[in-house]
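Undergrad: Next come the chains, spelled out residue by residue.
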Amino acid sequence: MIRSLAPEVVNQIAAGEVVERPASVVKELVENAIDAGGRRIRVEVDAGGCERIRVIDDGDGFLPEDLPLAFASHATSKLSVLQDLDHIATLGFRGEALASIGSVARASIRSRRHDRDAGAEIHCDGGRIGEPQPCGCPTGSQLEIRDLFYNTPARRRFLKSPGTEKARIQELLAELALARLDLDLTLVADGREVLRLPAGQSLTERFASCFGRELARGLLPVERAFGELRVEGVIGEPDLARRDSKLELLYVNGRQARENSAVHAIRQAYREFLMGGRFPIYALTVALPPDQVDVNVHPRKAEVRFLESRKVAGCLHETVRAALQGRAAAASAGGVALAPELPRARSGFPDLPRDLFGRADGGAVPEPTAATSAPPVVVRDGADRPPFGHKSATQDPAANPDQNAGPAPAARPNPFARANGRFLQVHDLYLLLEGPDGLLIVDQHALHERVVYERLRAEHRARAVTVQQLLVPTVVELHPGEKAWLLEVAEDLAAEGLQVGEFSPSAMAIYGVPAVLAKTAPERLLRALLADDGADARPRLREQISERFHSMACRAAVMGGDRLTDEEIAALLQAASTLEHPHNCPHGRPTVLTFTHGELERYFRRRC
Amino acid sequence: MKILCDRTQLQEAVGVVSSVVPTKSPKPILHNLLLRVDDEGITLFATDLEMAAKTRLDAVKVSRKGLLLLPAREASALLRELSDPTVTMDSTDQRCRIESGGGSFVLLGEDPSQFPEEIKLVSNKRVELPAGRLLRMIQESAFAAAREETRYAINGVLFDLAAGCLRLVATDGRRLALSYQNIDAAQAEFKVVVPLRALTTLSRAIPEGSKDPLQIAVGDKQIEFTFGKTQLISQLLECRFPDYEGVVPKAADTSVEIQKAVLESALRKTAILCSDDLRMVKFEVGDQALRITAESSARGRADVSVDVNVKGAGGSINFNPDYILEALRVCQLDQVRLDMSDDSMPAKFTLGESFTYVVMPISGT
Ligand SMILES: Nc1ncnc2c1ncn2[C@@H]1O[C@H](COP(=O)(O)OP(=O)(O)OP(=O)(O)O)[C@@H](O)[C@H]1O
Ligand SMILES: [Mg+2]
Chain A
1 MIRSLAPEVV NQIAAGEVVE RPASVVKELV ENAIDAGGRR IRVEVDAGGC ERIRVIDDGD
61 GFLPEDLPLA FASHATSKLS VLQDLDHIAT LGFRGEALAS IGSVARASIR SRRHDRDAGA
121 EIHCDGGRIG EPQPCGCPTG SQLEIRDLFY NTPARRRFLK SPGTEKARIQ ELLAELALAR
181 LDLDLTLVAD GREVLRLPAG QSLTERFASC FGRELARGLL PVERAFGELR VEGVIGEPDL
241 ARRDSKLELL YVNGRQAREN SAVHAIRQAY REFLMGGRFP IYALTVALPP DQVDVNVHPR
301 KAEVRFLESR KVAGCLHETV RAALQGRAAA ASAGGVALAP ELPRARSGFP DLPRDLFGRA
361 DGGAVPEPTA ATSAPPVVVR DGADRPPFGH KSATQDPAAN PDQNAGPAPA ARPNPFARAN
421 GRFLQVHDLY LLLEGPDGLL IVDQHALHER VVYERLRAEH RARAVTVQQL LVPTVVELHP
481 GEKAWLLEVA EDLAAEGLQV GEFSPSAMAI YGVPAVLAKT APERLLRALL ADDGADARPR
541 LREQISERFH SMACRAAVMG GDRLTDEEIA ALLQAASTLE HPHNCPHGRP TVLTFTHGEL
601 ERYFRRRC
Chain B
1 MKILCDRTQL QEAVGVVSSV VPTKSPKPIL HNLLLRVDDE GITLFATDLE MAAKTRLDAV
61 KVSRKGLLLL PAREASALLR ELSDPTVTMD STDQRCRIES GGGSFVLLGE DPSQFPEEIK
121 LVSNKRVELP AGRLLRMIQE SAFAAAREET RYAINGVLFD LAAGCLRLVA TDGRRLALSY
181 QNIDAAQAEF KVVVPLRALT TLSRAIPEGS KDPLQIAVGD KQIEFTFGKT QLISQLLECR
241 FPDYEGVVPK AADTSVEIQK AVLESALRKT AILCSDDLRM VKFEVGDQAL RITAESSARG
301 RADVSVDVNV KGAGGSINFN PDYILEALRV CQLDQVRLDM SDDSMPAKFT LGESFTYVVM
361 PISGT
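Residue numbers (the numbering used here), protein chains in the order written: chain A, 1 to 608; chain B, 1 to 365.
I should point out that these hints are in silico values taken from the structure, not numbers from a laboratory.
It should be emphasised that the depicted structure is a prediction, and the values quoted were computed from it without experimental measurement.
Where is the CB? At the ideal position from N, CA and C, for every residue including glycine.
Wrong hints could be hidden among the right ones.
From the structure, some residues in chain B lie toward chain A, with a derived Cβ separation under 10 Å [unchecked claim]:
hint: 1; residue: R147
hint: 2; residue: E148
hint: 3; residue: R175
hint: 4; residue: V247
hint: 5; residue: A251
hint: 6; residue: S275
hint: 7; residue: I362
Chain B residues, not near chain A, derived (Cβ > 10 Å throughout) [stated by the list, open to error]:
hint: 8; residue: D6
hint: 9; residue: K65
hint: 10; residue: R174
hint: 11; residue: G246
hint: 12; residue: R279
hint: 13; residue: D307
To be clear about the criterion: a stretch of chain B counts as covered by chain A if any three or more of its residues have a C-beta under 8 Å from a C-beta of chain A, and this derived list gives those stretches [as the list claims (entries may be wrong)]:
hint: 14; segment: 295 to 305
hint: 15; segment: 347 to 361
Between the sequences and the hints, there should be enough to build the whole structure, so can you do that?
TA: Written out as structure tokens, the structure is:
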């Protein structure tokens with residue numbers, strides 16, 4: 001017999017998608033608080049949120065007459081008509097979160113609007129919504145969730161230990177916090193304050209509060225505008241790379257969101273600097289008109305889709321690549337620009353201007369009157385506000401006068417350019433050098449590899465592009481999308497020596513390949529470009545070419561175990577002093593380890 | 001089984017079939033040779049499942065018939081080391097005792113019934129030609145086949161028999177080598193691709209210049225070469241071979257005749273100054289002269305001019321010198337010819353009476 005499900009059951013099932021664990025409850029509640037204009041948000045959790053979660057905000061509060069609807073599904077004040085979905089400027093929009101949470105826990109809301117004398121309170125217990133009652137409370141809202149999953153034991157069993165759940169909540173809040181520097185956020189777990197993020201911190205400061213000072217030291221600020229699209233934030237020095245991708249933080253219009261081609265494009269930009277299996281760290285936000293992005297593609301809103309994903313990926317790639325190259329270029333320029341008193345080149349980056357990642361001033365908070373006088377169902381802010389929490393520097397140069405000049409790419413100087421020429425080879429593998437900042441230990445193979453690689457690359461760049469023609473065109477069957485893309489970029493590819501053309505409605509033909517890649521199977525070359533979805537065609541092909549130089553350089557370089565004469569070492573260091581990227585071998589392994597004067601002194605207790 | 005036979009003959013027979021034994025196989029039984037002893041002699045058989053070799057040894061004194069598996073590597077190494085003119089082999093229960101010149105060795109075999117069956121090829125598509133001639137054809141073609149083991153590369157040589165002419169063709173997509181031979185009596189027709197490995201194995205079994213007949217038989221999925229008492233069977237490659245006839249240029253704007261030795265030496269000298277990553281030399285054909293140059297910003301420049309016979313307009317074209325040098329290495333003519341047209345059109349080298357080589361140039365963009 002087929003029966004329709006009781007609404008409570010429907011909500012419980014839906015809750016499975018929205019509410020996975022305590023951290024997802026916290027996420028929804030904090031996002032609601034932000035949407036309500038809260039500036040000061042306090043999160044309290046007991047036993048990792050399994051027993052109790054409380055989120056207190058100083059936002060607009062609920063209209064008392066809206067309270068009964070709060071726990072109803074598909075009830076939202078944030079959108080009314082379908083078209084609104086095309087330009088969502090709030091974090092919530094489905095009207096699903098509270099209904100889902102209320103169906104799997106004992107939830108309550110107390111709230112007072114600033115223009116009312118009294119507040120009201122409502123309970124929802126496993127989906128049963130109570131009657132609103134008047135109560136006294138400060139302005140804003142306070143949501144309390146007890147006994148999560150008490151009525152769905154199966155889900156309860158999937159919860160991890162309270163410690164793990166607490167850690168996830170902390171991570172999540174930190175990630176949210178980076179997108180909104182204008183918020184004052186506090187996390188209290190089991191009565192102890194574990195995260196305290198005052199409003200107005202710079203992105204770097206906030207990064208430091210959330211993830212530690214060590215990491216925050218190696219952050220490079222970036223900012224680029226590409227027409228309506230803006231990319232800004234911080235990227236980590238390659239040597240901060242991690243074994244997991246937890247600190248790859250991407251935000252779209254103030255919302256943390258994954259988008260595969262974007263993530264991939266950023267990783268590609270890092271590739272030359274990273275060892276395999278390492279992930280860069282960054283916190284980057286993409287700001288673009290809301291109609292350019294679909295946020296409604298994932299039940300927990302964890303993913304977004306871009307209307308023009310290639311373009312976005314291209315902009316991210318370009319921003320990151322330029323910053324990494326810029327840092328290297330400034331380094332090889334001699335490092336004179338660097339203040340000599342810096343203990344380590346990578347510390348002391350200029351702090352980010354405050355409004356890069358959210359407004360430090362009051363601008364992001366909507367005028368309260370606008371919301372109160374509006375009909376109960378509105379799209380908050382609509383189009384008049386720049387994409388979530390951002391105000392672009394180009395629109396408001398006064399807010400940050402030196403913004404247009406752009407932060408000078410801070411850079412690590414080429415250590416070999418400044419070494420004093422004294423060296424020692426040890427273990428037939430390492431070179432010890434005396435640099436101005438301290439002691440350098442060099443891996444002779446890695447450094448030589450970099451030298452050969454840059455020479456090959458320079459030689460390649462200096463000569464005309466050559467094409468090994470193919471006897472018979474190689475025909476490659478493709479997806480219509482892949483084919484359309486190839487046709488679009490055919491000219492770019494030809495400029496690098498890969499000649500492709502349309503063969504049939506479902507296939508492309510390769511007529512010639514770059515002569516330096518003549519030994520690679522043409523189809524494999526083409527497929528490698530396609531697999532590398534995300535970045536632009538030409539850089540991708542160039543990467544394939546560089547790949548060949550990598551392996552040639554590796555074979556040509558001196559090995560660990562080769563004893564070098566003083567003349568050879570001097571020649572190697574001489575060649576290294578003009579390197580574009582002296583710090584990593586082409587595979588991303590470090591070439592040099594530095595012990596600064598300070599570090600040596602601390603170690604030998606010459607200074608504390 | 002128990003036999004007495006000539007050591008050298010046995011060593012040769014074991015050597016022939018051992019050439020197909022895989023060095024590392026997840027199926028260890030394939031590391032063995034199968035010996036079948038009947039009243040008249042021994043049949044030796046080995047396979048790696050893609051290829052199988054079989055040979056026959058008749059000058060054997062058989063005391064006891066039987067089947068036996070012998071570990072191939074140990075057996076051939078041992079036979080090579082022994083010095084007595086004869087050996088006796090005596091096996092019971094998968095253990096084989098080999099005795100020769102006062103030494104006694106026991107090799108542990110495996111259960112012969114577990115060994116893959118010999119393949120019997122049924123086919124009426126047969127041709128015969130002198131073995132030494134096929135060896136040359138293989139040498140003149142196989143070098144141009146793709147070496148890289150990718151899904152897209154053809155690691156084999158096309159055997160195309162049609163209208164009484166057998167053509168062997170190989171290409172890696174950048175150059176193509178074609179060697180042919182008229183076989184008047186041939187009625188059959190086939191067009192199959194034979195894996196390089198089989199041809200390398202076969203080449204090793206044929207002495208240079210041998211006039212002895214060699215038979216080729218082609219079935220649906222296999223090809224069989226019979227040479228003397230030895231047979232080699234190989235699976236065919238299932239792939240689409242490009243239309244080679246369309247690729248060989250029929251006409252040319254410029255023809256150059258040049259001494260093979262002169263061309264080879266000029267190329268070797270210029271190639272030294274190519275860069276490692278871009279192997280490219282430039283041919284400029286002028287008035288009765290060929291100039292070959294190479295340049296690398298890191299190494300320097302080479303410039304060699306040689307006298308040649310030129311017919312036609314002349315012009316210039318770039319090649320990977322390695323492609324030409326590899327072909328010259330198997331060329332037996334004193335005088336070779338280059339026919340070329342445009343710097344982006346295929347160029348044709350005539351390197352033998354029945355040996356044609358087509359190379360695609362390197363062009364600018
Ligand atoms: N802290 C709060 N202060 C004021 N109003 C709130 C608060 N939390 C929720 N609301 C109101 O309750 C409604 C329902 O919230 P809910 O989170 O269920 O849906 P939503 O945020 O609109 O969409 P989503 O399901 O995508 O989060 C909101 O639209 C908003 O009007
Ligand atoms: Mg919400």
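Undergrad: Now tell me if each hint is right for this structure.
TA: Verification of the hints:
1. Using the Cβ-Cβ criterion of 10 Å, the hint placing R147 (chain B) at the interface with chain A is satisfied: the shortest such distance is roughly 9 Å.
2. This hint holds: E148 (chain B) has a C-beta 6 Å from the nearest C-beta of chain A, less than the 10 Å allowed.
3. The beta carbon of R175 (chain B) is positioned within 10 Å of a beta carbon in chain A (closest approach about 7 Å), and the interface hint is therefore held.
4. Taking 10 Å as the C-beta contact cut-off toward chain A, the hint placing V247 (chain B) at the interface holds, the least distance being around 5 Å.
5. Interface hint status for A251 (chain B): violated, as the beta-carbon distance to the closest one in chain A is roughly 17 Å, over 10 Å.
6. For S275 (chain B), the interface hint holds, the least distance from its beta-carbon to any beta-carbon of chain A being 6 Å, beneath 10 Å.
7. A cut of 10 Å between beta carbons decides the hint on I362 (chain B): the least distance to chain A is about 5 Å, and the hint holds.
8. The Cβ of D6 (chain B) lies farther than 10 Å from every Cβ of chain A, with a closest approach of about 48 Å, so its non-interface assignment holds.
9. Even its closest Cβ contact with chain A, about 51 Å, leaves K65 (chain B) beyond 10 Å, as expected for a residue assigned away from the interface.
10. Distance to chain A contradicts R174 (chain B) as a non-interface residue, since its nearest Cβ pair spans about 6 Å, not more than 10 Å.
11. Here G246 (chain B) does not stay apart from chain A, with its beta-carbon only about 8 Å from theirs, under the 10 Å limit.
12. Not every CB of chain A lies more than 10 Å from the CB of R279 (chain B), the least distance being 8 Å, so the non-interface label is violated.
13. The Cβ of D307 (chain B) sits about 28 Å from the closest Cβ of chain A, beyond the 10 Å cut-off, so the non-interface label holds.
14. Requiring three or more residues with a Cβ within less than 8 Å of a Cβ of chain A, the coverage given for the segment 295 to 305 of chain B holds, as 3 such residues are present.
15. Against chain A, the segment 347 to 361 of chain B contributes 3 residues with a C-beta closer than 8 Å to a partner C-beta. That satisfies the three-residue criterion, and the hint holds.
In summary, the structure is inconsistent with hints 5, 10, 11 and 12 from the numbered list given earlier, while agreeing with the others.
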